[in-house]
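Here are the chains, one letter per residue:
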Amino acid sequence: MEEIYKELVAIVGERYVSNQPEEKFIYSRDPGTMEPSEPDFAVMPASTEEVRELMLLANRKKIPVVPMGGGLVLSGLSRPLKGGIVVDMKRMNHVLEVNEKSRYAIVEAGTSQGMLQAYLKKHHPSLKHSVPDAPPIATVGGNVLIHGSGHLSHAAGFHSEMLNGIEAVLPTGEIVRVGSCSTSPYWFSRAPLPDLAGLFLGWAGTTGIATKLAIKLFPNRALNDVAIFVVEDAELAPDIIHRITGVGLAEDVTAWMAPKPDWAEGFIHVNINYSADSKDELAWKKNLLRSPLKKYMDAKTGGFMMLPPPMKKPFLEAPASQLTRFADVRKGGGFEYVGAIMPVELFPKAHQAGLDIAARCGTTYSTGARILGMGHCMMFFYAYPFNRADAADVKRAQTALEETNRAALDMGGIPWKAEAPAQKHIIKRMDKHTFELMNRIRGILDPNGIMNPGNWEAD
Amino acid sequence: MEHSEILHRCFRCGYCKLPSSYADLNCPSYLNFRFETYSPGGRMWLLRAWLDGEIKTSPRFAEILYSCATCANCVEQCVFPKFKDDILNAFIAGREELVATGAVPPAVRDYFKSIHLYGNPYKMPEADRGKWADGLGLEPYSRHEYLFYVGCVGSFDERGQRMARSVAGLLKNMGISFGILGAEEFCDGNDVKAMGEMGLFDHIAQKNIRKYQDLGVQKIVTLSPHAYHAFRNEYPELGGNFDVCHYSQLLAPLIKKARFKKSESPIRVTLHDPCYLGRHNKEYRAPRKILAAVPGVQLKEMDRAEKDALCCGGGGGNLFTEMLGGGPDSPARVRAREAAATGAQVLAVACPGCSRMLDDAVKAEALQDDLEVMDLAEFVNRRLAVD
Numbered sequence: 300m301e302e303i304y305k306e307l308v309a310i311v312g313e314r315y316v317s318n319q320p321e322e323k324f325i326y327s328r329d330p331g332t333m334e335p336s337e338p339d340f341a342v343m344p345a346s347t348e349e350v351r352e353l354m355l356l357a358n359r360k361k362i363p364v365v366p367m368g369g370g371l372v373l374s375g376l377s378r379p380l381k382g383g384i385v386v387d388m389k390r391m392n393h394v395l396e397v398n399e400k401s402r403y404a405i406v407e408a409g410t411s412q413g414m415l416q417a418y419l420k421k422h423h424p425s426l427k428h429s430v431p432d433a434p435p436i437a438t439v440g441g442n443v444l445i446h447g448s449g450h451l452s453h454a455a456g457f458h459s460e461m462l463n464g465i466e467a468v469l470p471t472g473e474i475v476r477v478g479s480c481s482t483s484p485y486w487f488s489r490a491p492l493p494d495l496a497g498l499f500l501g502w503a504g505t506t507g508i509a510t511k512l513a514i515k516l517f518p519n520r521a522l523n524d525v526a527i528f529v530v531e532d533a534e535l536a537p538d539i540i541h542r543i544t545g546v547g548l549a550e551d552v553t554a555w556m557a558p559k560p561d562w563a564e565g566f567i568h569v570n571i572n573y574s575a576d577s578k579d580e581l582a583w584k585k586n587l588l589r590s591p592l593k594k595y596m597d598a599k600t601g602g603f604m605m606l607p608p609p610m611k612k613p614f615l616e617a618p619a620s621q622l623t624r625f626a627d628v629r630k631g632g633g634f635e636y637v638g639a640i641m642p643v644e645l646f647p648k649a650h651q652a653g654l655d656i657a658a659r660c661g662t663t664y665s666t667g668a669r670i671l672g673m674g675h676c677m678m679f680f681y682a683y684p685f686n687r688a689d690a691a692d693v694k695r696a697q698t699a700l701e702e703t704n705r706a707a708l709d710m711g712g713i714p715w716k717a718e719a720p721a722q723k724h725i726i727k728r729m730d731k732h733t734f735e736l737m738n739r740i741r742g743i744l745d746p747n748g749i750m751n752p753g754n755w756e757a758d
Numbered sequence: 008m009e010h011s012e013i014l015h016r017c018f019r020c021g022y023c024k025l026p027s028s029y030a031d032l033n034c035p036s037y038l039n040f041r042f043e044t045y046s047p048g049g050r051m052w053l054l055r056a057w058l059d060g061e062i063k064t065s066p067r068f069a070e071i072l073y074s075c076a077t078c079a080n081c082v083e084q085c086v087f088p089k090f091k092d093d094i095l096n097a098f099i100a101g102r103e104e105l106v107a108t109g110a111v112p113p114a115v116r117d118y119f120k121s122i123h124l125y126g127n128p129y130k131m132p133e134a135d136r137g138k139w140a141d142g143l144g145l146e147p148y149s150r151h152e153y154l155f156y157v158g159c160v161g162s163f164d165e166r167g168q169r170m171a172r173s174v175a176g177l178l179k180n181m182g183i184s185f186g187i188l189g190a191e192e193f194c195d196g197n198d199v200k201a202m203g204e205m206g207l208f209d210h211i212a213q214k215n216i217r218k219y220q221d222l223g224v225q226k227i228v229t230l231s232p233h234a235y236h237a238f239r240n241e242y243p244e245l246g247g248n249f250d251v252c253h254y255s256q257l258l259a260p261l262i263k264k265a266r267f268k269k270s271e272s273p274i275r276v277t278l279h280d281p282c283y284l285g286r287h288n289k290e291y292r293a294p295r296k297i298l299a300a301v302p303g304v305q306l307k308e309m310d311r312a313e314k315d316a317l318c319c320g321g322g323g324g325n326l327f328t329e330m331l332g333g334g335p336d337s338p339a340r341v342r343a344r345e346a347a348a349t350g351a352q353v354l355a356v357a358c359p360g361c362s363r364m365l366d367d368a369v370k371a372e373a374l375q376d377d378l379e380v381m382d383l384a385e386f387v388n389r390r391l392a393v394d
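Chains as they are written, first to last, in my numbering: chain A, 300 to 758; chain B, 8 to 394.
Bear in mind the hints are in silico, worked out from the structure with no lab data behind them. Using N, Cα and C, we set each Cβ at its ideal position, and we do this for glycine too. Take these hints with a grain of salt, some might be off.
As the list claims (entries may be wrong) - Partner residues aside, some chain A positions facing chain B, computed with beta carbon under 10 angstroms:
hint : residue
1    : A341
2    : D387
3    : Q412
4    : I436
5    : R624
6    : G742
7    : P746
Said to hold, decoys possible - What the simulated footprint calls covered on chain B by chain A, stretch by stretch (three residues with Cβ under 8 angstroms from a Cβ of chain A suffice, anywhere in the stretch; the number is not a length):
hint : stretch
8    : 21-30
9    : 37-44
With the hints as extra help, turn the sequences into a complete structure.
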């Protein structure tokens, strides 16, 4: 190990390598409920070339490599399950280029969502990217690669769908470019070439390390507003969502259900975020977005919430810091959630499952959904807070999460950024030829099995 | 350990690493070291692990705790209102535990030794404390309206001395009744407390309080925001109730009466908010009022200003222990580059510690031909009309 330490130092410099107990402790865990697993080293490269050298070393020595962005996935994907090197990417945090006309940004993979947001605000105020509701230190790369979603996902789908191209280092050390950037100086799209981006999306870091990405940008309009439609009967939610998304004007459509505050209990709240360049346009959009819901308002089965400006503020914030604050609900600094990707029509079933599981496990909860791509599917989330200092409470949340993963699969959904145990449940239900194909691909890319081992592995 | 009950409540979400714009890393130690362990959240989790016996006391752990510049960016940016105010207190309590077990880093140990043996961190004879005022004709404090308290950096550091002389000159010029203690002055103890040596701090504070009370001091104007913080927020708990202000607060309402040169050309100035004046005590207006009163000043704010200001890395004792000094990612050098990026010709400061840190950083960045670090009083004095 001493010899490897010296080689790591030679690659990234002594300052950016650690094998000390303090770093081993922190890099062994994330804020979720998964058990810790210690790395042998934490390293922080500053360039694609350094990542390449790390990969060559790890491949030669057959040492596991675990890439890490913000470390905020909560489901433990950046825990080194078999030891090895955690590669903290956050020194690679530069915005490299913004193409205003073709509306994309090229960033290093460790660039945080917040830094990109601030950069665009300062240098390209007419543009914005889709901000996830993760804390702003979460990385652009990490979120795209796990198929994240955000404040423009109703308009444009998963963040992985907003990806124009990737530069990645393979476990065998080759630097590859995927998308138009493989052939052109412009990173404008993944079409029309064979789409190799899928080799890195959703693989939980088991196929390589992304070092640069280009993502789509969108118009940043001057005025932003939110309307919240409230309904009691979850059975109505799919039709309500279908009607809102059918208008095609919202940027983000999210639903939320929570027992607190008291006035919210028992209701489905559907937030509709939209923006405009003028007051007239905003009013026009507001009317258009309201009109398909008239049926429910007339029948008095649903209606729009009164929202004075101070109440609107948290619903217009991107990222929504109130979601992070959920971690202090039990004064215990923790929450984790299952985000199950599923069709919109499963909303009532998914909602009921959440209520049942929370009651059965004796835990509080917050559930909701982000509607993706004009209602093509949704990410239905079940968040359970826990008190980190109370082992029984952590266990309660773990049980609720496990049950939720199973329930999501049972109803036809698929857990997103699934924990290693949940990945095994997914694999059990997956078409066996599909899983074989995954393994064949991984075998080609990573012949020594060094990339985040323990993930996407069957029992 | 005091405040240990909040440690597990940190989610490690990382808001504390950033300013409110999210534009760049704003925690000085995380900016410098980059490992998660050196972020406020990392520190919270490590402290808990240490108390639970999951990690042991080590030089690395001590460095992690002591590289915090106590700048309070974490307190400012944390999104958990129910415990955020105690984050920094928890770090200081952790340091207190290390002090109690004799496990502080060597540089911290040397700092404490120096205070114990010499009364100041510079290992200088206390008799030399008043030398900064040589030739200025300042009066020893004797029932003046204000005691002008200079502190260790102003008394012994060459850069601090220059600042002390400028401020004293300006106070005089503005007709303020003040006296100094000279060789009778003593360390304020703010950084001693921030470094977790509570017994020594109590001793220092009580010694000062007794002296000020004996002299009949009622109002104190400080050179350093650190002393201002200690006198204003820490001394009252020990019975020292004085009317305290930082020199910028005293000068701000008076500065409009100053006579400035008429022919001075416009000058671009940016301002570095000191943490102990700004985030710790919420004073952002006074230094800006002073600059606004000077004819020709074009204030060019840095992206990170006021509550979002990036610390110079000198707080919490780091001015003396130099744990955050050195490389291009040291907060002072990052701050110097940020100041230069505004196009300012002058980087105005209001703290002798910041002045020292940023002066060195500007030189390290080879920016000295374009950017001059100047204390507010130095700057004002240069633009005053000469009778």
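Hint by hint, here is what the structure shows:
no.	hint	result
1	A341	7 angstroms, holds
2	D387	7 angstroms, holds
3	Q412	8 angstroms, holds
4	I436	3 angstroms, holds
5	R624	6 angstroms, holds
6	G742	33 angstroms, violated
7	P746	31 angstroms, violated
8	21-30	holds (count 7)
9	37-44	holds (count 5)
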